[in-house]
Amino acid sequence: MLRFIARRLLLAIPTLFGVLVVAFLLLYVAPGDPVTAMVGERADPATVARLRAELHLDDPLPVRFARYVDQIAHGQLGRSYITDRPISADIAERFPKTLELALAAMLLATTLGITLGVLSARRPGGWIDRAALGVAYLGISFPVYWVGLLLILVFAVGLRWLPPSGSGGLRYLVLPALALGMRSIAFQARVTRSSMLDALGADYTRTARAKGAGEWAVTLRHALRNALIPVVTVVGLDFGSYLTGSILTETVFSWPGIGRYVVNAISRRDLPAIQGSVLFLSAVFVLVNLLADLAYAKADPRVAY
Amino acid sequence: MLRAPLAAALAAAFACRGAPTSTARHTLVDARDTYDPRSLDPALSTDVPTGRAVSYVFEGLTRFTADARLEPDLATRWTRSADGRVYTFHLRAGVKFQNGRPLTARDVVHSFTRALDPATHGGRAEPLLPIRGAEAFADGKAPVIAGLAAPDDSTVVITLDQPLAIFPKLLAMPVASILPADAPANVSDHPVGTGPWTLVRWKHDDYLLFARNPDYWGGAPRADSLEARIIAEPSTAVAEFEAGNVDVAEIPPDEVERWEADSARKRLLHDAPSLQLVYVAINTTRGALQDRRVRQALNLAIDTKTILAQLVHGRGTQAAGVIPPSLGGADTTRAPYPYAPDSARALLAAAGHAGGIDVQLWTGATPIMVRVAEAIQAYLNAVGVRTTIVQRDASTARDAARKGEADLFLKDWYADYPDAQDFLDPLLGGGNTGLGGNVSFYRNPAFDGLMAAARREPDDAKRDALYRQADSLAYADAPMIPLYFYDKLYAVQPWIDGFTLPVIFNGQRWTGVRIRTPARP
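Chain order of the listed sequences is A and B. The numbering of the first sequence is this note's numbering, which starts it at 1 and goes up by one. The numbering of the second sequence is this note's numbering, which starts it at 1 and goes up by one.
Chain B on its own, in the form it takes in the complex:
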């Protein structure tokens, strides 16, 4: 767009004023949200800004650390029955809600029931659906959830339909947050949780202001308030950062070079290991794409390394599978498909398409995706895969792909929780075709068998091995062209102390973060 002249103007503007090195603010200001949260009701939490805000006020039985490890939160420990179906959670003693009432097991049962209740208009309590009877309750066919019990005030017993080894991870998701059984009806306007922050004010599309919860069981946050600004335009967020008004902002891809070229700015940059996969889903049920050789040819035809270096400024890791390198099960030794246009042509010819094929490549409208789509189009055309780009708004493109109308669909995928399962199952699982996220419509009983075994496997190392195997299997079958795992880049002000960028969106609750007061001369 007009980035080049803007960058020049900015450089000129900066010649007269250096970046601020201290601030008089006492409120931490986060500028990572680009749109308003849906709600502060945990039951409605389906997106990143919502999940982030919910995690400040509410807590679950478990939680993620900034580096995406699972740790106890409101439950101090849990046990798993020998058959893997019954989990017993022991609640932390002495925890109080922000309204002063102590936490009991009844609140947990109430919260999960509420999230699944059709009357809540939530629509996304999937992490809780593995509980026995949850589905029937959500459909209005059962008055209570059979698998939920509170034998005493500090114990919750959860029975699952089938063994699910990662179930405790699912309980760290915002939708499984705990709220008091006597919470006011309008949870979003009056959120009451056990978390480190309480809501002070929410100006929609503008900001959310939180104050420290002085009675927080984990020790009150170090800063007295936290503001989540909603800034729709990334360049504006960066301007706010440069003016010293916000403490953390994402650096949009277009600005990466400018920031890295300047040593003063470069010091403020922080990488966040990414749980975002950018890939091209190949609809394995359409025409020539049913042939595995054709799909492999597509993988061989694209020079992902160059795309990564030129279009994404090298901010990512080339993908050889769907599991991000930071998660268990990732095979960092697996070699990606090489860039081999000749082999691609040969494979196409072997599949009976020496004259080439015609495909449509669908994509959303974000500038970076459009650029990548254009590059892919050029690479594919070069080996005789005549590619037409179909660019639609995100919602339309996604719908078409879910209905199976798109040959190829350039998209990305963010993890909801840090586990390889959250990539393998939705993107490639035979039970998740279409709506479930598998827009490749890939169905492979061997793959599904491995994933079923992984679900039951309580041992982390053995489960990771199963993930690795499933990933390899699908990679060879080529139901997609995995491109790269994008590494987001953030700027953090020099006066911020104790902040780590989280791997997963709800892994940073700012409790240990403070603003260093300027040293007196």
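One chain only, chain A, in its complex shape:
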């Protein structure tokens, strides 16, 4: 197990290096000049030349890349061109907010999604199943932006139960987590339902029933445990993508997370901020995938590392 974790972590290094190369090259070929974005709508050529020299933007690509790799190897993400703040401080301020939102959305999605899935599978075609199908359709087909605004209008503006946007206590977390988790609720409900149906029809379930286990015990202890394996995959993937920035949700709800940070950095061509956050988020993604793999082993005794 430990060997497995160590190997995976070592393997992450070339992966992240690849990310670094791609991010660097993509930004190099992308149109738009960071300096002209820095100075705003107008500039005099002398100022631009001064800034370009200061930021070493006119150095040859390999030199710039080598300098960047050297900096990263020393654990430095550099400073933002635009704000002059250290990128690591910016990420440290925003990532916990994104993590908070992702965890809340995931919690909501797994509890609601799996419950709906299990209830649907117990009586396929029953009213719960059909209602859950309806919810799933809505969750998958409505764009998150639209759902977000709708939630704000109904629960914040109309009913005044919750604040429309911003961050703070639990009250601020409910609506964005719901908007973000909507798709996952739907997805997990469907995946749970179909794998529960398989499991409920499987031989071991029949055996469990034959030995006299109660219906709920059969459903939860025997069928659900086996049915969860594909659900873990879905949860892992969704969680990874939530962590790497739920840009739309963060924008609609003015949530000060990393997604908005990256979008702002991109629109201003803030190269160090883009590269630094891409690198950081890739590392997070690698880590979450590793955790998901470890969770398999927990859910399925046949998987061992």
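Everything labelled a hint here was simulated from the structure, so no lab data went into it. Just so you know, these numbers come straight off a predicted model, no measurement behind them. There's no promise every hint is true.
[Stated by the list, open to error] Computed footprint of chain B on chain A; a stretch qualifies when at least three of its residues, placed anywhere within it, have a C-beta under 8 Å from a C-beta of chain B:
| no. | region |
| --- | --- |
| 1 | 22-33 |
| 2 | 43-53 |
| 3 | 82-96 |
| 4 | 149-163 |
| 5 | 257-271 |
[As the list claims (entries may be wrong)] A few chain A residues that don't get close to chain B, going by computed Cβ distances all over 12 Å:
| no. | residue |
| --- | --- |
| 6 | M1 |
| 7 | T15 |
| 8 | R67 |
| 9 | L99 |
| 10 | L108 |
| 11 | G166 |
| 12 | L170 |
| 13 | R206 |
| 14 | A210 |
| 15 | G212 |
| 16 | V218 |
| 17 | T233 |
| 18 | G240 |
| 19 | I247 |
| 20 | L248 |
| 21 | A283 |
For every residue, glycine included, the Cβ atom is placed at its ideal position computed from N, Cα and C.
We have chain A; now place chain B onto it with these hints.
Chain B alone, transformed into the frame defined by chain A:
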């Protein structure tokens, strides 16, 4: 997008609850910022949210009022030498920084030097570049700025390279703010100015909270705190307003009709006279567009009135030149190009393009700009100017236009300071082609001569006359299609007292604003 069903949902939601009419809050909340300020370091101030926040904590020698007049701030008065090159500023007595230290002339010299210092990573101290030796200092070629002197504690003498009549206006810009010579290195995290508000907390991408400076020389603000919320999505800002959580919010163009249709909401609306010009820059160096007749034809081909009425909900004034009607030098009697497609075709034929021409119209990705671009495309196609829209993100489109790669570029322009010069010079000045803002690459010695004369002219009326002349000249040459000056629409809560929407972004510092406490029944 999905505005119509949303509006319906909102109407339904509102049927059960009316808009709030009072608030228990004591903090003023402003929701006009859509992105986080760059910094609270005045030297880094290049955008509106930054400039606004900087103006709460810091002050300059001069400042703008909400209606964009220039008035003394940290300098009580100033004199100008006969040759127009030397300004002597007399500092206000008894002003203290927020750290308790008194303001002296040395702080002024230090602040300007710091803003120009390459080590500050500012990049935008342009308002200070007219000072003699500023350019050399910024390039690292001189150890000090030759044109800056503090003969005593309360006097600052500034010598310019050339006479510049509007120089005192440039000193009202955020980058020319005064900070103490002993300010901590990290100004952005620990801003210390002389202004009416002190920074309490800054949650990036979330809000900035300011507290009243009780020792403010101009009298402490009436409210005890001020919060600038950062809300990226305009519809969310409006929702926050409707929930009563914010005091001022901009009404996005898509929501204007809904607000104006409802009498309760309509009462909360406030217009802000705009210093924003929406126009199409015509690259005067490309192909057929070098011919003035072709450029005039483009102006005649577009029905700006209809665009303004249909796409912008009438929220603006049709432009016949680049100077907004609220600024000196604007000629409100000048007739805009009429919508005359037949004359446009005739002019094109006269220029030898009876078979039409092909052009690319570049634009950024904001929905309103895209809609306007589509309308322009249709009008131009109708007179034989076959138009392809090239839509890119703002930064890419701007870069292409600066490099001269765009035939036509639909864009807007905001004033940095309220003076006609800030429209004429950057947009049309021969010395500002490309990077400087003149993406029409318009060069006209007569125009540049008028602008040079205006720079030297100390008399406001005479200077305005020069501006007017320059504007007329360029309008006839048609290096652009000026469309309209957009009037922004804001909603202000009924319990807010003493707030005026400023013409220029740093013209409202909330000192006289308070929340009326609800009347007891």
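Please check whether the beta-carbon of A:L108 is more than 12 Å away from every beta-carbon in chain B. holds (21 Å)
Exclusion check [A:A210 not at the chain B interface, CB over 12 Å]: A:A210 clear of chain B: closest Cβ-Cβ about 53 Å, beyond 12 Å.
Does the claim that A:R206 lies off the interface hold, with its Cβ farther than 12 Å from every Cβ of chain B? Check passes; 49 Å lies beyond 12 Å.
Just want to verify: A:G240 was marked as not at the interface with chain B; is every Cβ pair farther apart than 12 Å? Nearest chain B Cβ is 22 Å from A:G240, so the label holds.
Quick check for students: does the CB of A:T15 sit more than 12 Å from each CB in chain B? holds (29 Å)
Could you let me know if the closest chain B CB is still more than 12 Å away from the CB of A:V218? holds (44 Å)
Confirm or reject: A:G166 is not an interface residue toward chain B, with every Cβ-Cβ distance exceeding 12 Å. violated (7 Å)
Given coverage of the region 43-53 of chain A by chain B, tested with a Cβ cutoff of 8 Å and a minimum of 3 residues: holds (count 8)
Three or more residues of the region 22-33 of chain A near chain B by CB distance under 8 Å? holds (count 3)
For A:L99, is the shortest CB-to-CB distance to chain B above 12 Å, so the non-interface label stands? For A:L99, whose nearest Cβ neighbour in chain B is about 15 Å away, the distance exceeds 12 Å, so it holds.
Is the Cβ of A:G212 more than 12 Å away from each Cβ in chain B? Its Cβ never comes within 12 Å of chain B, the nearest being 53 Å, so this holds.
Minimum Cβ distance from A:I247 to chain B greater than 12 Å, as the annotation requires: Given that some Cβ of chain B is not farther than 12 Å from that of A:I247, nearest at about 10 Å, it is violated.
Checked against the numbered hints given earlier, the structure breaks hints 11, 19, 20 and satisfies all the rest.
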